[in-house]
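Build the full structure now, drawing on both the sequences and the hints.
Protein chains: 2
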Amino acid sequence: MGDQARIDELNLTAIRMLSLDQVQKANSGHPGLPLGAAAIAYAIWDRFLKFNPRNPLWDNRDRFVLSAGHGCALQYSLLHLYGYDLPMEELRRFRQWGSRTPGHPEYGETPGVEATTGPLGQGLSNAVGMALAEAHLAEQFNRPGFSIVDHYTYGICSDGDLMEGITSEASSLAGHLGLGKLIFVYDDNRITIEGNTQMAFTENVAQRYAAYGWHVEEVADGNRVEELARAIESARSETRRPSLIIAKTHIGLNSPLQDTEKVHGEPMSAGHYAETRRRYGVSDRAPFSVPQESLDYFRHAAARGPRIEASWREMFAAYEKAHPELAARFRRMMRGDLPADCDSAWPVFSADRGGVATRDASGKTMNAVAVPLQGHLIGGSADLGPSVRTVLKNHGDIGHRSFGGANLHYGVREHAMGAISNGMALHGGIIPFTSTFLQFYDYMRPSVRLAALSRLRVIFIYSHDSIGLGEDGPTHQPIEHLAAMRAVPNLVVIRPADANETVWAWRVALSRRTGPTAICLTRQKLPVLDRTVLAPAAGLLKGAYVLTDLGGSSGAAPDVILMATGSEVSVTLQAAEVLAAEGRRARVVSMPSWELFESQPESYRSEVLPPDITARVAVEAGVSQGWHRYVGLRGGLVTIDRYGASAPAETLFEKYGFTPAHIAEEVNRVMLKGAK
Amino acid sequence: MGDQARIDELNLTAIRMLSLDQVQKANSGHPGLPLGAAAIAYAIWDRFLKFNPRNPLWDNRDRFVLSAGHGCALQYSLLHLYGYDLPMEELRRFRQWGSRTPGHPEYGETPGVEATTGPLGQGLSNAVGMALAEAHLAEQFNRPGFSIVDHYTYGICSDGDLMEGITSEASSLAGHLGLGKLIFVYDDNRITIEGNTQMAFTENVAQRYAAYGWHVEEVADGNRVEELARAIESARSETRRPSLIIAKTHIGLNSPLQDTEKVHGEPMSAGHYAETRRRYGVSDRAPFSVPQESLDYFRHAAARGPRIEASWREMFAAYEKAHPELAARFRRMMRGDLPADCDSAWPVFSADRGGVATRDASGKTMNAVAVPLQGHLIGGSADLGPSVRTVLKNHGDIGHRSFGGANLHYGVREHAMGAISNGMALHGGIIPFTSTFLQFYDYMRPSVRLAALSRLRVIFIYSHDSIGLGEDGPTHQPIEHLAAMRAVPNLVVIRPADANETVWAWRVALSRRTGPTAICLTRQKLPVLDRTVLAPAAGLLKGAYVLTDLGGSSGAAPDVILMATGSEVSVTLQAAEVLAAEGRRARVVSMPSWELFESQPESYRSEVLPPDITARVAVEAGVSQGWHRYVGLRGGLVTIDRYGASAPAETLFEKYGFTPAHIAEEVNRVMLKGAK
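Residue numbers (my numbering), protein chains in the order written: chain A, 1 to 676; chain Y, 1 to 676.
The reader is advised that the hints may include incorrect statements.
In this list, chains with the same sequence are indistinguishable; a pair is considered to hold if it fits within one copy or across any two.
Below, simulated DSSO-like cross-link-like pairs (lysine-lysine); rule was C-alpha separation at most 27 Å, straight line [to be verified]: (1) K542 to K525; (2) K248 to K50; (3) K50 to K673; (4) K262 to K393; (5) K525 to K262; (6) K525 to K248; (7) K25 to K525; (8) K364 to K262; (9) K25 to K673; (10) K25 to K655; (11) K655 to K50; (12) K393 to K364; (13) K542 to K364; (14) K393 to K525; (15) K542 to K50.
Keep in mind that the hints were calculated from the coordinates and are not lab data. Computed from a prediction, not measured in an experiment: that's the story for all the values here.
Right, dumping it as structure tokens:
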């Protein structure tokens, strides 16, 4: 055994034991993957990965994503050993309250963790987004002699990742695009939670990935660092296709439970733990201890990072001289700042009874702001761009081996679209947007959740946001989707009432840096409200605002509060006119975003919805769920608590009660009840 | 041109024009697919499909699923021409209010429509479930000489279907299982909504499906009936693998917009419509008219159906004599009735402070009832069976070419699991169940929605239903999932409070025939409530019920109503004890199912939640959204409106305020506020 092989084995044992110790101490976690896939992670990190533990966010670092996030003890061991700010104390507090070592990797919680993973398939799909972001920024910023953006995206995935549909979507698209700097190793241990993969997963993975257009390598013994390193080297030299390296491994390697599902997801018994340590020859070593020789090795390896970064900085300084504007733009985009001239780009729509669909207003807004944002705002649609109006004109397409454009054709792949966008946001330098019909938000819900949990700046555009889409029928008509979205913590949901609120929705979405924003838009035309008589659309910033108080004596308190969102605001205004004619004083509140409203001080909220006015009616073409928060036990609802139907939009709005007359009737019912 | 070829062309023109007329008349819909894929559908229906228009629900019919549901005008044309109860008047009312010809195929709305499709990927995955149901029932019921269950499942899919991840999941599993009687034709027209498939979809589909273990055929001209028929014949003779026939077609065939995305999803201009009719040689024919020769042909073909069914009935009569018990069971299962001895199978759990996790109670209940239900209750898990406790012991596994068992290993494929289960329910003869962690409900949400929309009897089991799962952390802890589920119309959601409520949840789920039921279960142990002092668990049937009124003077009205679900019921009972000691009279309502409660008469609801008692607090380890419906504007909430964390369950419940002391505090706050 050569010197390198000997020290590799020593290091692998250190990594494995440190991971095992975390799980045993926590009495919770997944020991199987760290034991079985340690060599894969080590081969990537030791032989190839470009990183600086002193500056984990260095722009040009290689990205590493553990898509099989349940094996995070492995990642924490590596981060600790390579000198990231993750002291041994944190490894001892694995999975405990307040630690930096949560049960699955969480972006923002642990230095060096590039993505929140665990829900299978998300990590690999994030990595596709990272590799795409790299390719896009490289095409935009690199100049002869200046490879400012030039890094790989590595990852490890499991059979579970490969079974998930999202992975198929992302992999097919990655193959189509030809993302040559994306390299994944498949930890092929043939064991899932229910037992052997023979029970459910017998497809030919190599053939499948070849069909996607990937370069595929196979490693017969995935516990041999040199074999792995050769395969990774070959993947690196394949520049036109993403690479999948299928490495045969043994889950729970060398433990008494090796190659069984029992070692996947729970700590070992004390006996098995002791026996595993004995087999690794560390019985006499205290848990959470690492031999000095390994410590020295990792420290030495980690010292490469600052040198690599320093030489990149040197190059960047020269680049800055040669291309000052590009360099400034690169810095700004990586910081996530918007250019100053954004502010003057926003369109204003004139009052127009004939109306503008909010999807059209959104399209115009995006296209206006995309000019100053050029190269920063990147996105696309799951094959509905022309319908959702999210095509950025004159900004070019992203396609096979051509990454500089702004429009990405995701194909009918909503779930991957979400996760790839998350990956671009995680990479930095890009503000990604997605688009599809609101109905198909359901297809990408897990990715939207992860954007919210990870506090990512991603803009999710959804059009065709109600029965107002008409004839396509109940399979396409969102009913429960607004409620389901609003339930997601840290997702700001905005349903603008007209073209000008749509502009403000985009302003919120673009400037929000601590989480994603979803904008829900109509297919049908809506009147552009006359802001000379109604409150300004900038009220959207506060989530809800008084559009007008109509009827009765001016200055008097309203008899009733009508609140509505999106396409229902105009009809609610008409209902208020009906009520005014009947002598009622009705307040109309446009309520485009519950989340923004809830973040206002109590004083503002009470101003909009005075607590003593309990005659309240909410109007929204969706389920009533959640509206009682604003209308209370006695309030009225004009909502839809059943499925839609296939018919022209006007027919549907009438049949479902979204008419001025019916809304006014509901108000009268509520006021009568209240009077009793 | 031979006679058959001539009449085929005549018939194809009739089908195409009838479909085109529907779209033009509605001024809405998708003309492209019916023009381009008519020959595919016709080849299946004319040459192979076994069906009886007089009895569209005949048990042993072949199933046909149009996964590309946007092409439904094509299906309606066929159903009309073959004599289903779908008169021409309905075709004229395509996509109109109250018609039987909605904008996408809807199960239950149109005779002969086997599945609600449109959301891409669902139909193909449903078809996998149908083919599996056929294989399972065949293995269970067929006897030498009696192929009681013996039919094919055919379908048509589009590039959009093939891009969706759900399709990958379902196809990989179908290949693994070896569902030889599943035959799909891929309408390969190379056009998507955004343009040419070259923009986003360049994978090698044939190679990918070969990798899944499918038999793949290619048809160079998918508008030639004989070529298609030969490929289908070859697929039929391949009995051990599912088949994908890749048929090259031309979207909008022969229209001026042929081979463009413009003909996909909207009606043609009047000029293009006229020109298309001219090219098909029908300019002189009125819209919605069919040549007599074609009418005769279809009528003649349709007459095969009753004969085929009659001969099957003859065989079944003989089978009934030879195997009376089997025949009775088959009939009962196809009717969906439960056996009488189910009633005595339900377990009862004794009061136990130490407790039983509701996932364990569910596992015991399932296993108890699976005995009388043998062969009727079929399901599995997305690789979490041992954790969700849904393994049916002694009922065998379903595996490669072995379909008689009850336990299906779905692999980590939640979305396909949902849709395959829907397909089994659509087929009939099976009550399917699925299982995974509640967090991963998000991965299968579109399928659950379709189960609800289609009124399918599917049982969705979800365990690990809150932060109570502990260390796995926020990626695995459901927070918004209960709310998101409750938002779905016609989905009954049940979160039982203890082992005995779990039994009742299963009773509800099994007996509900008009829609799906989701049961949400704990990982952690919960006390089995003492029903000698608390109300019986059968109260679950009404969705919410008074467990007890504690403290104050017996018989007096409560001062406050505490309502809770699932694991929070026990701690809420303890809070009521704290309050009672303070002299408060507190009512504790167990509220396992909002939907069941809302279906009760007003009188019952007012009895449980008397309107004049407005001091109310809801306790649930999930988002507050929706609870204001029960607690009103003044009520209190002990809920979680942010993400969970990685730590032991006990720590989390304490940190998030689910302690008797904190709940009591919230009650006192609410009552103090109310007193002001």
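Now the hints, each set against the structure:
1. K542 to K525: within (25 Å within a copy, 44 Å between copies)
2. K248 to K50: Answer is within; shortest intra-copy Cα gap is 25 Å, inter-copy 47 Å.
3. K50 to K673: Neither way: K50 and K673 sit 69 Å apart in one copy and 59 Å across, limit 27 Å.
4. K262 to K393: between (55 Å within a copy, 19 Å between copies)
5. K525 to K262: Close across copies (22 Å), not inside one copy (58 Å); limit 27 Å.
6. K525 to K248: neither (57 Å within a copy, 38 Å between copies)
7. K25 to K525: For K25 and K525, only the inter-copy Cα distance (22 Å) is at most 27 Å; the intra-copy one is 61 Å.
8. K364 to K262: Between copies only: 22 Å across, 56 Å inside.
9. K25 to K673: Classified as neither: same-chain Cα gap 61 Å, cross-chain 46 Å, threshold 27 Å.
10. K25 to K655: between (62 Å within a copy, 22 Å between copies)
11. K655 to K50: neither (62 Å within a copy, 39 Å between copies)
12. K393 to K364: Result: close within a single copy only, 10 Å intra versus 60 Å inter.
13. K542 to K364: within (23 Å within a copy, 51 Å between copies)
14. K393 to K525: within (22 Å within a copy, 58 Å between copies)
15. K542 to K50: neither (44 Å within a copy, 61 Å between copies)
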